[in-house]
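Engineer: Going line by line, the protein sequences match chains W and X.
First residue of the first sequence: 12, per my numbering; consecutive thereafter.
First residue of the second sequence: 12, per my numbering; consecutive thereafter.
Don't take each hint at face value.
The list makes no distinction among identical chains, and a pair is therefore deemed to hold if it is satisfied within one copy or across any two copies.
[Said to hold, decoys possible] Derived lysine to any residue pairs resembling SDA-like cross-links, with alpha carbons at most 25 Å apart: (1) K67 / C23; (2) K146 / M13; (3) K146 / G134; (4) K67 / T144; (5) K115 / E87; (6) K105 / S27; (7) K105 / I43; (8) K67 / I43; (9) K126 / I48; (10) K126 / T60; (11) K105 / A37; (12) K67 / P52; (13) K126 / A51; (14) K146 / I24; (15) K56 / R148; (16) K56 / F32; (17) K126 / F68; (18) K146 / H130; (19) K146 / S31; (20) K105 / R123; (21) K122 / D139; (22) K96 / T127.
Hints are computed from structural coordinates only; laboratory data are not their basis.
Number of protein chains: 2
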Amino acid sequence: MMVEFEPPQVACIVSSANHSFAALRATRECVIAIPSIDLAPIVVKVGNTSGRNIDKFATLGLTAAPSTRIAAPLVEECFANLECKVADTRSVNKYNLFILNVLKAWTDPAKRERKTIHHCGYGRFVVDGATITLKSRMR
Amino acid sequence: MMVEFEPPQVACIVSSANHSFAALRATRECVIAIPSIDLAPIVVKVGNTSGRNIDKFATLGLTAAPSTRIAAPLVEECFANLECKVADTRSVNKYNLFILNVLKAWTDPAKRERKTIHHCGYGRFVVDGATITLKSRMR
Numbered sequence: 012m013m014v015e016f017e018p019p020q021v022a023c024i025v026s027s028a029n030h031s032f033a034a035l036r037a038t039r040e041c042v043i044a045i046p047s048i049d050l051a052p053i054v055v056k057v058g059n060t061s062g063r064n065i066d067k068f069a070t071l072g073l074t075a076a077p078s079t080r081i082a083a084p085l086v087e088e089c090f091a092n093l094e095c096k097v098a099d100t101r102s103v104n105k106y107n108l109f110i111l112n113v114l115k116a117w118t119d120p121a122k123r124e125r126k127t128i129h130h131c132g133y134g135r136f137v138v139d140g141a142t143i144t145l146k147s148r149m150r
Numbered sequence: 012m013m014v015e016f017e018p019p020q021v022a023c024i025v026s027s028a029n030h031s032f033a034a035l036r037a038t039r040e041c042v043i044a045i046p047s048i049d050l051a052p053i054v055v056k057v058g059n060t061s062g063r064n065i066d067k068f069a070t071l072g073l074t075a076a077p078s079t080r081i082a083a084p085l086v087e088e089c090f091a092n093l094e095c096k097v098a099d100t101r102s103v104n105k106y107n108l109f110i111l112n113v114l115k116a117w118t119d120p121a122k123r124e125r126k127t128i129h130h131c132g133y134g135r136f137v138v139d140g141a142t143i144t145l146k147s148r149m150r
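All chains should be built: construct the whole structure from the sequences, respecting the hints.
Structural biologist: Okay, here's the thing in structure tokens:
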């Protein structure tokens with residue numbers, strides 16, 4: 012979830028059973044790659060496999076692209092990628108909750124599909140629908 | 012954001028400039044009321060006003076319904092309401108981040124509209140679209 016706008020900061024929960032958890036703790040950095048609906052079948056495969064056993068890029072046909080601020084690669088197929096460094100681990104042991112600083116944000120203007128998917132559990136996803144704009148004083 | 016399934020736990024960020032922040036710190040409990048798209052104009056008004064100055068229930072035509080585990084009321088017009096107690100404040104001073112235990116969850120089966128809205132900033136909201144189901148081993 013969003014924590015702060017400027018400088019941009021997010022919080023995320025990563026199950027301690029996941030390889031990502033060990034990797035995030037060891038390297039203290041990660042890319043948050045944001046897939047659109049067309050990638051949903053690959054997203055499920057990413058979630059149903061572990062980096063402990065396979066190279067997900069090679070096995071699932073994803074392309075690693077170079078980051079500039081961290082060592083972890085971007086996922087070329089995603090329309091947005093956030094380069095992040097761990098800012099705070101005070102809630103990791105108890106809640107698996109990492110506070111991340113977003114150091115660089117990428118978006119690929121050539122990718123027209125930008126509808127994201129929200130996992131509701133058991134393979135069920137809600138896809139982004141219409142965008143509405145209401146008069147508001149809120150940023 | 013979701014923190015844990017069982018027992019259910021969520022994390023939420025509340026701006027320290029908001030009346031809700033002071034109320035949450037003082038009472039250590041809250042209701043997370045989940046509005047559907049038909050309430051969007053009222054949602055914006057709720058966000059653009061402060062409980063410091065007005066009674067939002069009275070002013071915005073919302074109905075307070077009794078909770079069972081906490082003192083704060085449910086919002087009758089919302090299709091779902093979560094009764095929560097603050098579980099941990101360790102990240103409040105630095106990140107305005109509260110860890111909440113969800114003690115009771117309500118849903119109103121008579122309310123057919125269940126599309127939620129996601130604020131992207133400046134009054135722009137993405138509305139839930141289609142639901143898709145893919146074969147997955149993930150809960």
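Engineer: None of the hints should be skipped; say for each whether it holds.
Structural biologist: Structure-based check of each hint:
no.: 1; hint: K67 / C23; in the structure: within (21 Å within a copy, 32 Å between copies)
no.: 2; hint: K146 / M13; in the structure: within (22 Å within a copy, 29 Å between copies)
no.: 3; hint: K146 / G134; in the structure: between (35 Å within a copy, 6 Å between copies)
no.: 4; hint: K67 / T144; in the structure: between (38 Å within a copy, 22 Å between copies)
no.: 5; hint: K115 / E87; in the structure: within (15 Å within a copy, 42 Å between copies)
no.: 6; hint: K105 / S27; in the structure: both (10 Å within a copy, 24 Å between copies)
no.: 7; hint: K105 / I43; in the structure: both (22 Å within a copy, 23 Å between copies)
no.: 8; hint: K67 / I43; in the structure: within (15 Å within a copy, 37 Å between copies)
no.: 9; hint: K126 / I48; in the structure: both (6 Å within a copy, 18 Å between copies)
no.: 10; hint: K126 / T60; in the structure: within (24 Å within a copy, 31 Å between copies)
no.: 11; hint: K105 / A37; in the structure: both (17 Å within a copy, 24 Å between copies)
no.: 12; hint: K67 / P52; in the structure: within (14 Å within a copy, 44 Å between copies)
no.: 13; hint: K126 / A51; in the structure: both (11 Å within a copy, 20 Å between copies)
no.: 14; hint: K146 / I24; in the structure: between (33 Å within a copy, 23 Å between copies)
no.: 15; hint: K56 / R148; in the structure: between (41 Å within a copy, 9 Å between copies)
no.: 16; hint: K56 / F32; in the structure: within (18 Å within a copy, 40 Å between copies)
no.: 17; hint: K126 / F68; in the structure: within (22 Å within a copy, 34 Å between copies)
no.: 18; hint: K146 / H130; in the structure: between (29 Å within a copy, 12 Å between copies)
no.: 19; hint: K146 / S31; in the structure: between (40 Å within a copy, 22 Å between copies)
no.: 20; hint: K105 / R123; in the structure: neither (40 Å within a copy, 38 Å between copies)
no.: 21; hint: K122 / D139; in the structure: both (16 Å within a copy, 21 Å between copies)
no.: 22; hint: K96 / T127; in the structure: within (23 Å within a copy, 31 Å between copies)
Hint violations for this structure: number 20 only, all remaining hints satisfied.
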